[in-house]
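Mind docking chain A on chain L? Use the hints.
There are 2 protein chains.
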Amino acid sequence: MNGDFLFKQVYDYVLNRIELNEWKEDDKLPSIRNLAADMKVHRLTVLKAYQLLKQENRIYAKDKSGYFVQSSDNSKYDNQDIPMISAYVQKNHLSEIHKVPVSYQFSQALIDPNLLPNRYISDYVKKVFDLYPKVLSTYSTVQGDEELRQSLSGYFNRQYKMFTNPDHLLITTGSQQAIHLIAQAFVKARDTILLERPSYSSAIDMFRAIGANIITVDIHPYGYDLEQIEHLMKKHKPRLFYLNPTFHNPTGYTVPPAQRKQLVQLAEQYRCLLIEDDAYSDIYFDEEPPTPIYTYDTSGMVIYIKSFCKYISPGLRIAVMMNGHESVRKSLFTVKSLADNGSPLLNQKIFLHYFSSSRLQQHVEKLRIALQIRKEIMEKELSAANWQWTSPNGGLNLWVQLPDHLSTEDLLTKAIDQSISFVPGQICDPLKQPSSWLRLSYSFANEEQISKGIRKFINLVQRDGSHASEA
Amino acid sequence: MNGDFLFKQVYDYVLNRIELNEWKEDDKLPSIRNLAADMKVHRLTVLKAYQLLKQENRIYAKDKSGYFVQSSDNSKYDNQDIPMISAYVQKNHLSEIHKVPVSYQFSQALIDPNLLPNRYISDYVKKVFDLYPKVLSTYSTVQGDEELRQSLSGYFNRQYKMFTNPDHLLITTGSQQAIHLIAQAFVKARDTILLERPSYSSAIDMFRAIGANIITVDIHPYGYDLEQIEHLMKKHKPRLFYLNPTFHNPTGYTVPPAQRKQLVQLAEQYRCLLIEDDAYSDIYFDEEPPTPIYTYDTSGMVIYIKSFCKYISPGLRIAVMMNGHESVRKSLFTVKSLADNGSPLLNQKIFLHYFSSSRLQQHVEKLRIALQIRKEIMEKELSAANWQWTSPNGGLNLWVQLPDHLSTEDLLTKAIDQSISFVPGQICDPLKQPSSWLRLSYSFANEEQISKGIRKFINLVQRDGSHASEA
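From first to last, the protein sequence lines are chains L and A.
Numbering follows UniProt numbering, in which position 117 of the first sequence is assigned residue number 117; successive positions increment by one, without gaps.
Numbering follows UniProt numbering, in which position 171 of the second sequence is assigned residue number 171; successive positions increment by one, without gaps.
Bound-form chain L, shown alone (with noise of 0.2 Å):
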């Protein structure tokens, strides 16, 4: 074990005495004699520290007396008036070109509500009163219903061989909710995580957000650079890799099923919590996709993410997070209680009596169908140009590069001038660097839209392209 390991194990310890206020103002610390006794280090890591929180105002000394805890020093704010609180925050990029209205809708990877079985899905609600009439008077247990989590998990044993149990799964307000809690359990500022690259962007912004130092795996058609990913496990240590391997957003690549298995051993060994992101693997359109890198894990080293809603009904903003290792689930469930106690009953109930009816089979069937077409329409319009994709097996995006010496990000400006929206590529770059790609959904706009309107991106791009060419 390092040295610089000791120290700062005993600095955090220390300084999180202090700011937990368990040792308060003019407090005296420990001796240095006593406390590299209990913590088992050399004298001299303790001085070390101690004289580096010195340093930071955090202790102060007296002669011969030894050490004090410093009353804390807010003068770092006097001159800051609200505004500044702002700084705080870190911005949600995607959040902000999705308000935006235009007429063709290529940046929200979002079902077309008029997929949507909205008209039968009110017939489960009027049943969910009928068999639950307290239902809206009660809450919800904080890791969710428990007739949901047992459907969910006998899905999961019957569809891939999961088995799990009811125990191991908890329920979130949506999918996001479910990372954003796994951010807030497991990563504090300056630790180091994996994030795809491209990735999901507001994963990137909730993983910035905290402050954590990211450090990025390619991403391919054929997957991985798995030497890549032992390096930097190896390397930096991470805490945890956020992925989402099959019909990637916004690559739309798919991780095959050798990959997946050596990431899980590599996880095992490097100690790194896969955080496995799913929200597409339904949405296939020739043959079944893999199966999650969840169901090679045996030692709870996966946290798996499986959000249904997308393609059933957005709005009930359900989804279920899973892993087989109990004080990562006892993590889990106390910031979840913290958050927000539980997700509402009501939107559970009625989420599982559509989920366990036929009708979802069905419907998920024709939705593959039209969300094929969809695609289908997209990339023959776009064949017209002169443009860069490798075409998925399912979900709901293309990835697509325009020729080298145009910017997306420029791009966007104008395109939502002619009622166009798209996510630019460096929107869904860990590294935010710009980016001649972009993500295209097929999911949101009809195919009468999806026609028109890729003509006239294709019009605007090859205008704009011959400008930039002029200057």
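Check before you lean on any hint, since a few could be wrong.
If chains are identical, the list can't say which one is meant, so a pair holds when it fits in one copy or spans any two.
Here are the simulated lysine-lysine pairs, DSSO-like style, with alpha carbons at most 27 Å apart [as the list claims (entries may be wrong)]:
#1 Lys234 <-> Lys24
#2 Lys8 <-> Lys24
#3 Lys28 <-> Lys237
#4 Lys64 <-> Lys40
#5 Lys28 <-> Lys235
Hints listed in this document are in silico derivations from the structure and should not be mistaken for laboratory results.
Okay, now just chain A, sitting in the frame of chain L:
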């Protein structure tokens, strides 16, 4: 401006760039001369910051060529297995007490479901599906449904002359989420905040989880000691004061109007946000309580949190927060967008239609009477014991002091054995000190359960107390 402040500013600036990965491994830092010029500080200040960062192993120096970003050293996690992760997470004590099912439920400050408008609220649900057939297939905006915000803002204007508008409102998934969002937006580890003593235990847990430096303000039957508050604001420059001034939880005390006005003046003077949590003001017994502190705010220093759902339909999990300062709201919207991207639309629409109905007013009037009767029964039974409490004029709780030698924390285990639950005072104490106070809620148990349960509880305490005296 003192040197420590400038030093910290430079130190934080450099560290943030490194943590956000804007300055990467082995990148050269700006020269001391340049950074000093950019930040308008003395070169020695920059040198001091670089030296500390070097000591902390975040940067390294090369002779004559300057300072460079160190590769991140994560060796501190070398020995950590997953269970260590839970050390990041603070317990939520209250939710653990609530997990235990008991016959005499005095720990949950929730309304008995039998007093809630279960039967006719389902009419509103059907109405919602008729009015908005696609309510389940769309997301709410991050800020919350426009129609609901209009209705609520109209209500606040009529009820309290608040002169608010729909843009000032943010809809949240329960008031617990509102507090959680505020904590995330405005408080970081080591920041000083004020909490009442005692206070709402989940709020205490949330601020502790962030690592805030918590300073307490005593609350008395007559309100606060404003000199104490001024002294604390002056000395500690707290970022915010979380308070619950109307039928305060757990004590039931109400802060009088004159103090409300002065508190806002203090908050403005010392730039301290006031977080006014108002859950109980509609549950008054004889006369209406003073108008919210928010009504005295002229400069956006108050964030007002209102939850109606507790006495309408807790299962909906709808609350609202309000603030008059644009940059404060902007921070909150961003944090909300990261946390869950907006509360479920269905729940907002159901709430809207019930909230704007005439049935609501009738329901609340009946509820006040029912709860006052339960309170009086509980007080009558309690009068058999020689315990102390101040009879509240509203809210859901009695705050009772047992004879001095009894710790209510120890008592809880014995009470639960007898199927009685309550909240021990220690849980409501931000300083977590042993206490002979306890919170008894009269809102959940019915009349008969209150009578029987309190008698049983007095027997238990008196038996236990005599043992304690003997020991």
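Same-copy or cross-copy closeness of Lys8 to Lys24 [CA-CA at most 27 Å]: For Lys8 and Lys24, both the intra-copy (21 Å) and inter-copy (22 Å) Cα distances are at most 27 Å.
Have a look at Lys64 and Lys40 and pick one of within, between, both or neither, based on CA distance no larger than 27 Å. within (24 Å within a copy, 39 Å between copies)
How do Lys28 and Lys235 come out at 27 Å by Cα distance, when the copy is not named: within, between, both, or neither? Between. Shortest inter-copy distance 21 Å satisfies the 27 Å Cα cut-off; intra-copy 39 Å does not.
For the identical chains here, do Lys234 and Lys24 meet the 27 Å Cα criterion within one copy, between copies, both, or neither? This pair counts as between: shortest inter-copy Cα distance 18 Å, intra-copy 39 Å.
Alpha-carbon proximity context of Lys28 and Lys237, limit 27 Å: Answer is between; shortest inter-copy Cα gap is 24 Å, intra-copy 36 Å.
Hint compliance for this structure: every hint is met.
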